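Protein chains in written order, with this note's numbering: chain A, 6 to 291; chain B, 6 to 291.
Calculated from the structure, these hints are not laboratory results.
This one's a predicted model, so the numbers in the text were calculated from it and none came from an experiment.
It cannot be assumed that every hint is accurate.
The list treats identical chains as interchangeable, and a pair is accepted whether it falls inside one copy or across any two copies.
Computed cross-link-like contacts, DMTMM-like style, restricted to lysine to aspartate or glutamate with a CA-CA straight-line distance of at most 20 Å [unchecked claim]:
| hint | residue 1 | residue 2 |
| --- | --- | --- |
| 1 | 151 | 55 |
| 2 | 173 | 242 |
| 3 | 256 | 184 |
| 4 | 151 | 136 |
| 5 | 47 | 267 |
| 6 | 274 | 153 |
| 7 | 32 | 53 |
| 8 | 47 | 143 |
| 9 | 256 | 12 |
| 10 | 234 | 57 |
| 11 | 151 | 72 |
| 12 | 256 | 103 |
| 13 | 32 | 55 |
| 14 | 234 | 143 |
| 15 | 151 | 278 |
| 16 | 256 | 13 |
| 17 | 47 | 57 |
| 18 | 151 | 103 |
| 19 | 234 | 55 |
| 20 | 265 | 136 |
| 21 | 173 | 160 |
Single-letter residue listing:
There are 2 protein chains.
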Amino acid sequence: MTSFFSEEQSADAVNARMGKDVDPRLKTVMSALVHHLHAFVKEVELTEDEWERAISFLTATGQMCDEQRQEYILLSDVLGASMLVDAINNRRPEGATESTVFGPFHVENAPVRKMGDCISLDGKGESCLFEGRITDLDGTPISNAKIDVWADNAEGFYDVQQPGHQPKWNNRGIFVTGDDGAYCFVGSKPVSYPIPDDGPVGKMLFLLGRHPFRPAHMHFMITAPGYQKLVTHTFVDGDEYLTSDTVFGVKQSLIAPFEKTENGTPVWKSSFDFVLAPATPPNNPA
Amino acid sequence: MTSFFSEEQSADAVNARMGKDVDPRLKTVMSALVHHLHAFVKEVELTEDEWERAISFLTATGQMCDEQRQEYILLSDVLGASMLVDAINNRRPEGATESTVFGPFHVENAPVRKMGDCISLDGKGESCLFEGRITDLDGTPISNAKIDVWADNAEGFYDVQQPGHQPKWNNRGIFVTGDDGAYCFVGSKPVSYPIPDDGPVGKMLFLLGRHPFRPAHMHFMITAPGYQKLVTHTFVDGDEYLTSDTVFGVKQSLIAPFEKTENGTPVWKSSFDFVLAPATPPNNPA
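Working from the sequences, and respecting the hints, build out all of it.
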């Protein structure tokens, strides 16, 4: 007796079709995907009209993507999926600096700068000294740590969003630590900005009563031989969007002090130390 | 104390962001979607590489769509989601003919034909007489029922897939019943065919060890005043893909007899009666 598709065993009917020689991991992932997809449709009793709207939304989201724009990453971001994947894949031992989303605006091979250099090439906004140390879990300074930083300018745009308007490599740079593990550079104080919201994801946010803003932050990607790569941000303490980051990137431990300096040059100072986990952390269950 | 996003309460953190004035149904659907999406990511512990592949797949699927091609409907079909939505929204009382997927090849406003007319305009394939009756649950004939039929030609393509190559309205037509509720028309015996498999969905099917074929079928959409619209197929009994329809459309009750006629004109005969449910069925829990 052949068992055809039915509402009751719908997911099993689909998964039973997979071939015997399918990659085991693909089988695991797709089986779980089908089960959760069907459970969702059943739970809400999705109507045919809603199904059509879902098809249209998914299609439009794909068609919004081009070389400069990745609408599906935005969708993953605003649904918290990006942060969840980050959390699952970056469990770290107690005391190590936490990670957050990579984001779409990193550019490979930024210029290597000298400690103390200024990365704000357009000179806009309020200047800020970023400084601190890179250490291991015991507080020992890490030398030869590569610190890749990037941020928006005072208008809320990354250089790659405004080619021709901003100088190339504006608010980007790579710094390498010496024996003291210390870093310092001057940039402009980051400002909060909306993610691109003129596409399907922006419309969805609007219908959900959500704003598209990210709180002001400086991106850091820190690598050092023998240590786990750290992709994170420091967030500007006091930013109005700290508790409502549209991509859910904020963690309490990543909120950094931004204090006015006494002499006003630079105008602000933000001190933040980063603690790297060993490359094969003894306490990581993964 | 603000509660930021964490792996443990990730879905709740996302859903807590929805505004107070959100459409209640949208809130229900999106909350469930976020919960199931996060449960899926957690269950399989999706890696960052797998996440990137998912983003690429979803993007490519959207970009495959155009006026003639809807790759997201194909994706929904091969994952069983289309049939599940159909099942949930078309529960019928015992005895009524079951529904199945609408599919992407229906065209509005096909020519109205007289009973007995031939809809195979290219004359290809083996001729087949389709005949039967439209009745209510008690077996009473339904007059003025509109029967919209469509099928592929002997080469496995619908006319809209081969504009210029097939005559317009090839293997399509609308028939209206008289007092006896009877219908009959001549077409070509449908053949099995692969769904378009040169895009991302076809690649996925290949990786899952699945074929892209649908068993041979004739589409029927039947409407009559006072009755629930019926969108269904009859499947050609004996087709090799009956138990492995790539879109899961087959139901036991929809497999129709196709028998050789004695005089060979037409070559085949398929008798099938359709039973319509009342527009507000007394036993439908929805």
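Quick rundown of the hints versus the structure:
In the homo-oligomer, the alpha carbons of residue 151 and residue 55 never lie at most 20 Å apart, since the shortest distance is 49 Å inside one protomer and 26 Å across protomers. Taking the shortest alpha-carbon separations for residue 173 and residue 242, neither the intra-copy value of 28 Å nor the inter-copy value of 66 Å comes in at or below 20 Å. Taking the closest pair of Cα atoms, residue 256 and residue 184 never come within 20 Å of each other, the shortest separation being 29 Å inside a single copy and 72 Å across copies. Taking the closest pair of Cα atoms, residue 151 and residue 136 come within 20 Å of each other only inside a single copy of the chain (14 Å); across copies the shortest separation is 76 Å, beyond that limit.
With identical chains, the CA atoms of residue 47 and residue 267 are never at most 20 Å apart, being 62 Å at best within one copy and 48 Å at best between copies. Proximity of residue 274 to residue 153 under the C-alpha cut-off of 20 Å is restricted to the intra-copy arrangement: shortest distance 19 Å within a copy versus 73 Å between copies. With identical chains, the CA atoms of residue 32 and residue 53 are at most 20 Å apart between copies only, with a shortest distance of 18 Å across copies and 29 Å within one. When the C-alpha separation of residue 47 and residue 143 is checked against a cutoff of 20 Å, the pair qualifies neither within a copy, at 51 Å, nor between copies, at 31 Å.
For the homomeric pair residue 256 and residue 12, the shortest alpha-carbon distance between copies (12 Å) is at most 20 Å, but the shortest distance inside one copy (42 Å) is not. In this homomeric assembly, residue 234 and residue 57 come within 20 Å of each other (Cα to Cα) only across copies, at 18 Å, whereas the closest approach inside a single copy is 42 Å. Taking the closest pair of Cα atoms, residue 151 and residue 72 never come within 20 Å of each other, the shortest separation being 28 Å inside a single copy and 49 Å across copies. For the identical chains of this complex, residue 256 and residue 103 are intra-copy neighbours only, at 8 Å inside a copy versus 52 Å across copies, given an alpha-carbon limit of 20 Å.
Taking the closest pair of Cα atoms, residue 32 and residue 55 come within 20 Å of each other only across two copies (13 Å); inside a single copy the shortest separation is 28 Å, beyond that limit. Taking CA atoms no more than 20 Å apart as the test, residue 234 paired with residue 143 passes inside one copy only; the shortest distance there is 17 Å, against 71 Å between copies. Taking identical chains as interchangeable, the C-alpha atoms of residue 151 and residue 278 lie at most 20 Å apart only when both belong to the same chain, with a minimum of 14 Å there against 74 Å between chains. Within a single copy, residue 256 and residue 13 get their C-alpha atoms only as close as 42 Å, which misses the 20 Å cut-off; across copies the closest is 14 Å, which meets it.
Only within a single protomer do residue 47 and residue 57 lie at most 20 Å apart by alpha-carbon distance; the minimum there is 16 Å, versus 28 Å between protomers. For the homomeric pair residue 151 and residue 103, the shortest alpha-carbon distance inside one copy (17 Å) is at most 20 Å, but the shortest distance between copies (64 Å) is not. Taking CA atoms no more than 20 Å apart as the test, residue 234 paired with residue 55 passes between copies only; the shortest distance there is 18 Å, against 42 Å inside one copy. When the C-alpha separation of residue 265 and residue 136 is checked against a cutoff of 20 Å, the pair qualifies only within one copy, where the shortest distance is 14 Å, while the shortest distance between copies is 86 Å.
Taking the shortest Cα distances, residue 173 and residue 160 sit within 20 Å of each other inside one copy (16 Å), while across copies they are farther apart (56 Å).
Hints 1, 2, 3, 5, 8, 11 from the earlier list are contradicted by this structure; the remaining hints agree with it.
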